[in-house]
Amino acid sequence: MILALDPLYLTNIGLAVVLIALLKVVLAFAIVLVAVLFMVWFERKVIADMQHRIGPNIAGPWGLFQTLADGLKLLMKEDLVPEHSNRFVFKLAPFLAIVPAFLTFAIIPIGGNFESKGGSVRIFGYDTYLQVADPPIGILLFLAMSSIAVYGVMLAGWSSGSKFPLLGSVRASAQMVSYEAALGLSVLAVILQTGSLSTHEMVADQAAGGFLGFIPNWNIIVTGFVPFLIFLIAGTAELNRPPFDLVEAEQELVGGFHTEYSSFRFAIFFLAEYLNTINMSAIIVTLFLGGPSGPVLIEGIDWAWGILWFLVKLFVFLFAFVWFRATLPRFRYDQLMDLGWKLLIPLSLGWFLFLAALNIGNDRGWNPGVVVGVTIVGGFAGGALLMAAIRTARTERISQEVDAHG
Amino acid sequence: MGLVPGLVKGLGVTGRTLLQTVFPGGFKKPIPAPIRGAQTVQYPHEKDIPAPRARGVIALHEGNCTSCMLCVRECPDWCIYIEAHKEKAPPRRAGGKPRKKNKLDRFDIDFALCMFCGICVEVCPFEALFWSPEYEYSEPRIADLLHDKSRLHEWMATVPEFEDHETGSVVKQKTVPPL
Amino acid sequence: MTTVSDQQKLSYIAAQAADARVNLEIESEGMTLNLGPQHPATHGTLRIIARIDGEQVIRADPVMGYMHRGYEKLTEVRTYPQVTTLINRIDWLGSFANEVPFILAAEKLMEVEAPPRAQWIRTILFEMSRIANVVLFLGDMAVQVGAITPVFFAFRDREHVLNQIESVTGGRFHPNFDRIGGLKDDFPKGWIDETRQVMKKMRRFCDEIEVLVMDNEIFQARTRGIGVIPADVGLSYGLSGANIRGSGVDRDLRRDNPCGLVHDQIDWKVWTHPDGDSFSRFWVRLQEVRESTGIVSQLLDSLPSGPVMAKVPRIIKVPAGEAYVETENPLGAMGYYIVSKGDLVPFRVKIRSASFSNVSITPWLLQGVYVPDIITILASLYFILGDIDR
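Residue numbers (my numbering), protein chains in the order written: chain A, 1 to 406; chain D, 1001 to 1179; chain V, 2001 to 2390.
Since the hints were made in silico from the structure, they are not lab data. Errors might be hidden in some of the hints.
Restraint-style ranges between C-beta atoms, simulated for each label pair [to be verified]:
#	chain 1	residue 1	chain 2	residue 2	range
1	D	Lys1029	V	Arg2204	18 to 24 angstroms
2	A	Asn86	V	Arg2348	53 to 59 angstroms
3	V	Arg2224	A	Val402	18 to 24 angstroms
Here are the simulated lysine-lysine pairs, DSS-like style, with alpha carbons at most 30 angstroms apart [to be verified]:
#	chain 1	residue 1	chain 2	residue 2
4	V	Lys2311	V	Lys2184
5	V	Lys2269	D	Lys1172
6	V	Lys2108	V	Lys2311
7	D	Lys1172	V	Lys2184
8	V	Lys2189	D	Lys1174
9	D	Lys1088	D	Lys1103
10	V	Lys2317	D	Lys1172
11	D	Lys1047	V	Lys2108
12	V	Lys2073	V	Lys2269
For every residue, glycine included, the Cβ atom is placed at its ideal position computed from N, Cα and C.
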C-alpha cells in the first residue's frame, strides 16, 4: 500500500476518492506550472531591482506575462537537432529533466491543519492530506528523482555532439553526483530526529510542541542548524544555480549542456530548472522549517493557514536563491569539488554521528555534557586527520608536478 | 576574512540596491516605485536629453553656404556631396556689374557613412553647418540616411544656442545665426 | 541542374576530413577547444585555440586579427586633423586617451606647445577616459567570474562620466576633441561643479565594488594565485599599465615621462601590488580609478585660465622628421611613431597599442590552467579588441 498513509485511502475507495486523487494531481500540475511562470518573472524582477533596473514591464500588468510570451516565442521557434548529435538521446534528455521535477512536487505537503487535525483537511466530506501522494519512502523519492534529473543534464550535454555541452555534462555528472552525498547525509540528520521517511510525518513531528512555548520544534533548530546549511549549499549545487552554475556557465561554456538546444526543448530545460528551484525550496521548508505547520489564527478557514505559512516560508527561500544569483560569483570546478568532498561531506557525516550519539545518550541516560565533550574532541581529531591527509596528498601532488616539469 | 564574511557583505550591497530601487522615497515614503528608483531610461516612453554640444545630426544653414567645398575636402570618409552652379545675382549697388554667385544644387550628407567627427562643422568658414543633438532619425532603409539639403535645413530648427564657457576661458562665444 | 565542380568536391572532402579529425580529437587524450572568435567571454573577436585535457589547458594560442581595420595604413591618406577621428576607435572605451599621444607626437614635430589651460583640460579628460574605461573593467571582471550585478553598477556609474565627457566634447565614445596645438573648445559653464559630483559618485562606486566583488571569498578564490606573471616575464613580454604594476613593477609613464600632460603638477601615487596574479591586477586597477578621481579633482581646483589653442596655421603641414610619444593609457603604454615628409598627411604611422603586447603573454600564461581560468585571466589582462587588432 504505497499511498496508504493518506487517510483518504483508509475509507472505502470509490469513485469520489479516485476523483479527488485525480483532482489533486491536476491541481498540483497546474499550480507548479503557474508557480514557474511567476518564479521566472519574480527572479527577473528582483534581479533587475538589485541592479537599478526595472525588469520586464511590457507584457501584461507589471510584465507578469513575460514568461508566457517567452514560452510562446520558444514554441514557435525552429526545432534544431545538430547533425552530429545522437538524435534519440538528444530528444530524450529534456524529458529526463522535466519528469522528475514534476514527480518531486508530489510528495510535498503544501497545506493542512497541523494544529488540531493532524495535517489533514476535509474535501467533499473526505479527510485528506494536501499533497499528491505520501508514500512511505517519502523523502527517498526526492533523492531518487534528483538523481534521475542528473541524467537529463548529462545526456543532453553528451548527445549534443559539441564540445562546450560535453564539458558541461562532464561537470554536471561530477558535481551533481558528489553533492548528492552531502544532500543525502544532511537529510539523514532530519530522518534521525523524525524517525520517519514520510514527508507528512516530518511536518507533523515538527508541528508538535516546542521549546519555551514560542520557539517552534523545527528541525532547523532540533538538528542544530548545520544540516540545514549543508542542505542549502548542496541544494543550490544540485540545482545548478549560482554560485554553483558551472554546468551552464555562460562565460565559459556558452550555456553548457543546453548550448545546442533550441525551441521547445530548451523551454523544457528552462522549465525544469525553475521547477527544481521551487521543489528544492519546498523540500527545505518541509525538512527544516516545519512545512505548512503554523498557528491557525482565524478558525473556520483553517485549511488556508497551512497554505499561507507554506507559501511564506517558500518565498523566503525562493528570494534567497534569487539573491544568491544576483550577488555571488561562480566557483571553479576543482574548488567546487574541494568544497563538496573535503568540507561538506565530512562535516555532514560528522554532524550526523554527533546527533546519533546524542540520541543514543538520551535513550541510555548518559550525561549530555560528556557526550558533547567527547564529540568535540572526536570531531577535532577527525578533522585534524582529514586536514593532514589533504595536506599530505597536496604536497605529494605538488612534488610530482615539480618532478614532471623539472 | 573579517568579522563578517565578504559573501554576506556582498549580499548586503545587492539587498540595499533592491530597497533603493523599489523604495526611492526612503523610509519616509515607503511606496514601491521602481520606475522612479531605476537608473535606466525607458526609452520610447521617456527620453534622455543629450548635452547641447552632443553630436547628433548635422544641420545646414542653406543661406550661409557658399559651396566652397571645404567640408567635402576635409571629411575623413568623404560622405558629403555638393553640386553647385554659378548664377548671376543682381548687383549690390545700382548700376554696378551683376555679381556671380554660387547656387547650391545639391548638398547631401550620407549619415550611413558619416563618422560624426565634426570636422566639417569646424572647418566651415561661413557658419553654414551646425551640430544638433537630435538623434531620432534612424531609417529602415539605409539609402534613406542620405539627407538632402532640405532635410538638413530642417534640422536647423533643433540646433541649440551655444553654451557659455566656464570661468577663466577666453574662447570666443559663438552664436547660431537666425534662419 | 548545376554541376558539381572538382573544386567543390575537394572542399567537401576536406570538410569531411576535418570533421573526422575533430571527432578523433574528442576521443583522444586531448581536445581542441575553440574559444571564439564569437564567444560571450572574449568581449570581441579574440579567438583562443586551447588544447585541453579534461578541464586543464595544455596549450593555448590567441589568434588575433579578426577585427583588423588597418588604421596604420588609413592614416597615410588622411590629413593630421582627420587622423584623430580614426584613432578614436582604437580603444573605444577610453577614446580620448587615444588621441593624446598622437597629438603630442605631432606637436613635437611641429614644435608647438599647447597653452597651459589646454594641457590641464587634456589631462582632466585623459583621466576621465581612464575612469570610464577601467570602471567597465571592474564590472566586467566580476561578470567573467560569474557575478552578474557589478557590471550593471559599472554601466550605471560610467554613464555619469560619459555624460560629462559628452557635454564637453560632444561625443560620448568618440570625442575627437584634441587638436594639434590645443583643444577644440573650452568647458561649458557649470561643468566643473558637475564633474566634482561625478567624481564623488565614482569614489562611492569603488567602495561598492570593493565590498561586492573584491572582498568576496569566492572571487578571491577564483583570482588569487591564478595567472601569476612574474615581473621579469611580464617585462620581457612588453606588458604595460596595470598588468605590469600588478606584478610589482613600479612603472607609470604618467610619472616617469610626463610629456605634454600635467601629471607632475599634482600630488598622486602609483599603485603596485607584489603578487602578479589576477587579483592583484584587479586591485591595482581599482586603486587607480580612485587615484584618477583624485587627480581630476585636484586638476579642477588648479585649472589655469587662458586660451585653449596655440597659434597654429589653418592648414597643418607637419615638418619632415620622426617622433615617438608614449603615454600611460587606460590599457597600458600607448605610443605613436610618426614619420613625416613635410606633407599634409603622415608618411607612416606606427601605433604601439597596449593590448597587443598584453595579450601576447597568453600562450605562456595559460599553460596548465583550468578552462574557467582562461576566462578570468583574459578578463584580468583586460584588452580591448580594437586595441589589439587596430
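Cross-check of the supplied hints:
At about 23 angstroms, the beta-carbon gap between D:Lys1029 and V:Arg2204 stays in the expected band of 18 to 24 angstroms. For A:Asn86 and V:Arg2348, the Cβ-Cβ distance of about 57 angstroms falls inside the hinted range of 53 to 59 angstroms, so the restraint holds. Hint check: V:Arg2224 to A:Val402, Cβ distance near 21 angstroms, so the stated range 18 to 24 angstroms holds. With a C-alpha separation of about 13 angstroms, the suggested pair V:Lys2311 and V:Lys2184 falls inside the 30 angstroms cut-off, and the hint holds.
Taking the CA atoms of V:Lys2269 and D:Lys1172, the gap is about 37 angstroms. The hint is violated against a cut of 30 angstroms. Proximity of V:Lys2108 to V:Lys2311 is assessed by CA-CA distance (about 14 angstroms); at most 30 angstroms being required, the pair is judged to hold. As the CA atoms of D:Lys1172 and V:Lys2184 are separated by approximately 12 angstroms, the hinted pair is consistent with the 30 angstroms bound. For the suggested pair V:Lys2189 and D:Lys1174, the alpha carbons sit about 14 angstroms apart, so the restraint of at most 30 angstroms is met.
Only pairs whose Cα atoms come within 30 angstroms are accepted, and D:Lys1088 paired with D:Lys1103 is accepted, the gap being roughly 9 angstroms. Proposed proximity of V:Lys2317 and D:Lys1172 is supported: the alpha carbons are some 25 angstroms apart, at most 30 angstroms. Annotation: proposed proximity of D:Lys1047 to V:Lys2108 is violated, straight-line Cα distance about 44 angstroms (limit 30 angstroms). Of the supplied pair hints, the one linking V:Lys2073 and V:Lys2269 is violated, its CA atoms being roughly 38 angstroms apart against a limit of 30 angstroms.
Of the numbered hints stated above, those contradicted by the structure are hints 5, 11 and 12, listed in ascending order.
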